[in-house]
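Trainee: Given next are the chains, with one letter for each unit.
4 protein chains.
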Amino acid sequence: APVIIAHGPGVDTRPPSGLPAPVAKVAVTGDFRLGRRELRPQGTVVRIGETSVGDGSLSVFAGPCAVENEQQLLACADVAAHYGSVGLRGGAFKPRTSPYSFQGLKWAGLELLAEARRHTGLPILTEVLDPRHVERVAATADGLQIGARNMQNFELLTEVGKSGLPVVLKRGFGCTVDETLAAAEYVLAQGNDQVILCERGIRTFEHATRFTLDISAVALMKQRSHLPVMVDPSHSVGIPALVEPVSMAAAAAGADALLIDVHVAPEQALCDGKQALLPDDFGSLMGKLELLAMGLGRKMAGVVRPALADAER
Amino acid sequence: APVIIAHGPGVDTRPPSGLPAPVAKVAVTGDFRLGRRELRPQGTVVRIGETSVGDGSLSVFAGPCAVENEQQLLACADVAAHYGSVGLRGGAFKPRTSPYSFQGLKWAGLELLAEARRHTGLPILTEVLDPRHVERVAATADGLQIGARNMQNFELLTEVGKSGLPVVLKRGFGCTVDETLAAAEYVLAQGNDQVILCERGIRTFEHATRFTLDISAVALMKQRSHLPVMVDPSHSVGIPALVEPVSMAAAAAGADALLIDVHVAPEQALCDGKQALLPDDFGSLMGKLELLAMGLGRKMAGVVRPALADAER
Amino acid sequence: APVIIAHGPGVDTRPPSGLPAPVAKVAVTGDFRLGRRELRPQGTVVRIGETSVGDGSLSVFAGPCAVENEQQLLACADVAAHYGSVGLRGGAFKPRTSPYSFQGLKWAGLELLAEARRHTGLPILTEVLDPRHVERVAATADGLQIGARNMQNFELLTEVGKSGLPVVLKRGFGCTVDETLAAAEYVLAQGNDQVILCERGIRTFEHATRFTLDISAVALMKQRSHLPVMVDPSHSVGIPALVEPVSMAAAAAGADALLIDVHVAPEQALCDGKQALLPDDFGSLMGKLELLAMGLGRKMAGVVRPALADAER
Amino acid sequence: APVIIAHGPGVDTRPPSGLPAPVAKVAVTGDFRLGRRELRPQGTVVRIGETSVGDGSLSVFAGPCAVENEQQLLACADVAAHYGSVGLRGGAFKPRTSPYSFQGLKWAGLELLAEARRHTGLPILTEVLDPRHVERVAATADGLQIGARNMQNFELLTEVGKSGLPVVLKRGFGCTVDETLAAAEYVLAQGNDQVILCERGIRTFEHATRFTLDISAVALMKQRSHLPVMVDPSHSVGIPALVEPVSMAAAAAGADALLIDVHVAPEQALCDGKQALLPDDFGSLMGKLELLAMGLGRKMAGVVRPALADAER
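Chains as they are written, first to last, in the working numbering: chain F, 1 to 313; chain C, 1 to 313; chain R, 1 to 313; chain P, 1 to 313.
Hints are all accurate, no fakes.
Below, computed lysine to any residue pairings styled on SDA-like, alpha-carbon distance capped at 25 Å:
id, chain 1, residue 1, chain 2, residue 2
1, P, 288, P, 75
2, C, 288, C, 241
3, C, 288, F, 293
4, R, 288, P, 55
5, C, 299, F, 298
6, P, 299, R, 297
7, P, 288, P, 273
8, C, 299, F, 284
9, C, 274, C, 103
10, P, 299, R, 293
11, C, 274, F, 38
12, P, 288, R, 37
13, C, 288, C, 56
14, C, 162, R, 101
15, F, 162, P, 135
16, C, 162, R, 102
17, F, 106, F, 117
18, F, 162, P, 96
19, R, 299, R, 56
20, F, 274, C, 36
21, F, 299, F, 287
22, C, 288, F, 43
23, C, 106, C, 164
24, C, 299, F, 296
25, R, 162, C, 135
26, F, 162, F, 138
27, C, 288, C, 75
28, R, 299, P, 288
29, C, 288, F, 296
30, P, 106, F, 163
Quick caveat, the hints were computed from the structure, so don't treat them as lab data.
Use the sequences and the hints to build the structure in full.
Mentor: If you want it as structure tokens, here you go:
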């Protein structure tokens, strides 16, 4: 992927070794330098495995909130792949409000994700919590996720920036759009432009939903930044019945990608199960998104869907 | 329109004189009784002039935030009609944060709205602020709007309920979805079921936009209530460049109607001009909404659009 | 009370008939004109009955959230008077989220308040909801309260302004400090400077308390405006165990007055009973406030407390 | 300090080696186990250097937001000591929204803090950002601060828990009281009970102040938890003129300690200078706090104040 190098106070103008030469060199100031839309009006394309995010298509990443065991993960991964996901999400390291909650399978979970990738061919996207883990997680994962609680964990942002891997940067639920763009700068400043901004809801007085998805922020981030924007409807709303309408809204507002919790047995999930879609509901959503994408003059990203492939034979 | 009568503590079971007999009589309790989706699973259709809101179509009401003078209003009304609005919005009485701001043309503004209706054929939707004004405003307007600042002005809600006219009830920017549904009960309890709930953004810490549009609330209100749901993107975001993506999102989330500020000279507007769309941008949005509606399996409400009628000749 | 008259766009420079001549005439602009601290650096004193609010003392107004019946009201009024309240609060007209909740005893409640005043000598402070009621309520009450839900009911503000009675203006729970100051201008612009600003909590994501008391706003309103500031800890927190510490904090931050829910049988209250203090707890709070006031170099306002008067004999 | 050991799912019942035997063993469940008030009704006393926080006294920690250079730090430390601070605050590692802002002097800043300690005798409290730094920072500092942005950086919480040093845990500005208590469990679960909870304002729609200090949370945390509570007025309000009233309010609400930004030349500060108190204003505040403490029946913690010692000679 092309590298932008801006020069100005505090910005290192040398591309990190191993990365291609910069395509542009622009003088910038202020807190928001490298991510500005004007620097790359055509937008940045982020590659996760075989998938391109930010090329105008609509990509869906799906999977369970947490990796729980081999059977659960492979079953969820099959569902994701079957209905046209372009990537598999799944948490091996889980940041939990309480130390007494399930903290994820950790390294064993990462191994299971690698197995699910071999099984389905889908690239894997997983969260990293600790700067000391970045190198080892990056050796396996196709994309690194920074969770909302770590959006301003600047040491961690710097480490994932150095990894060179694609990064999904979730907006902190107490953070503004401008702070999200500034957090992305920590990754970009390491010479890594493979950043996807992810809106996942903010804290407001309205508790009918778990968080309040800031739909305007999706459009705002697209207009201000050249980075692709993802939306996580599942964690925003926390209610399966709202995942579909909110996913549709996100796509219509211009989101490049969606991140959707899918689980084969949500009632048994060890983490955030109650917000996950059942396989059939996920399939139904994918069908509606495909029609919606047509109405928007866009296409769904991803491999030919098995059902369609069958029908074509 | 059919009348639902629920019986239970505090609910008068007799339909107001002049209204048709109830079609249902259901025992209900709690704060949310008459608006519940289960009472009318097919949803309520609200008729404003010739327009039906809530029948599955997507309706757009457009016009200036405030009525300023004859020339301005007629020009804006022409734009609204030309691009396919089904109704004209315009404030004659303006609730302003400061007593030193323009407070609207008041009764003279209402006369101008009536003139604009004669000129374009569009039904007029206008705000009422004072219980003492309801009868006189209702004699002219086709639909009454309750502004966000008055959502819990219960005396006013009762009066507009008695008027029998369609009511657009804007969600208070500090109020929850449940409080909005409870406020609608004040109107419904008067035997007036012609209520449209309107999401127009809530107050949050994010000030990049004027308010934060709660897109999940659109779906939630549709699921919980049988009343149609409108979205006001203009007042939510306060930035013209965000009106289009947010309007698209609202439609995709299931909104029945949109309320859009359009102005022929926003820079000269006496109230909230900076958020209004220019005529061309409004036309462009209407075109995109039409394609989006197709992707959603819905149609745009309204009269045949002039441009299309010309082309068909 | 002295009248400030400012001149400038939109400000009528003539004092309303029956009010004294202005003591100052100042050119002002912007949304915040008549309430600005600079206009009256020494601060405004508001007189409710025999009580002065804003003279440096700390005043407590107490009583039940709603007037329920004669026995309840008189018992609560006795408690308020016994422990040194300088005024009695009690709602005759109650703005309720739901039309199915108790709406107050209305005019009969107002009569009971007048009886409680005769019984205890305390001036009465009560809420008015409807511009059509202002004249009649003002004929009985010593002070009018504008509830949080009506802070931007500008027709009502104008009417209470015209009444000339002292007005307690509660901050809307979704409104900013600046909007509160602008709302006060609607009353001031009628030539009525007897306005007390009341902080009663705002809506935030934190739901451990009913609202979030904005303690900084107390100091900010004192600094920006010459009007006295009251705090309503009871409605802010909604939890009796927090009323004492929050009352202490409000006094320490500079509040001129407190508004406290007291009930002789909170578990039977028809409205917001669960936040009311029991008589003993109210007495304990009053004792602590008296010591706190000494630490602040202030004194508690009000008549000699019965217990002290007994002791002095 | 005594160690509480709770037993239950996920709780290790063995005290970490080197710590004293537990004084209590209680079966607990839920997210909030070790910090519950019932486990230690008398409250926990946290020792930072010679200072006890949580023993009923009111402690003030003061100093510059960031360590900038030797001269600035020593001058600020002198002011803090002179007026009766019991500890020196100062950031060597600064978490900044933007990578282009001053990030602190880092290890050199820590050395300067140690020098300021030698100079004034005050224990030093400083922020740690990275789990990899904890051991080295802990070797110098007397207390570790976890900033609001890292309140849910659970890897970091675990490391500071292991360090055994006193920890000031700042509430995340988007986090609830319950989440703050749950975050403290991460530290407590390592056998380290030396935790001070710090309220420093939350994000709300009100932007007249930088954050909204949640004064009720101070009382709520004291009631729910046995841990001492600190308040940081400076970062909450971001306006020097509000630091005094808000500090007074915090003390009156029951805070055990205050954390106050003081700077000898705020206009030259490299970080958050505009909210720092000038030396004279800090001295004035300390005098008022002393009188307030008397009104509250409490005393100010700390060494004999030089001015007083002089006078006593």
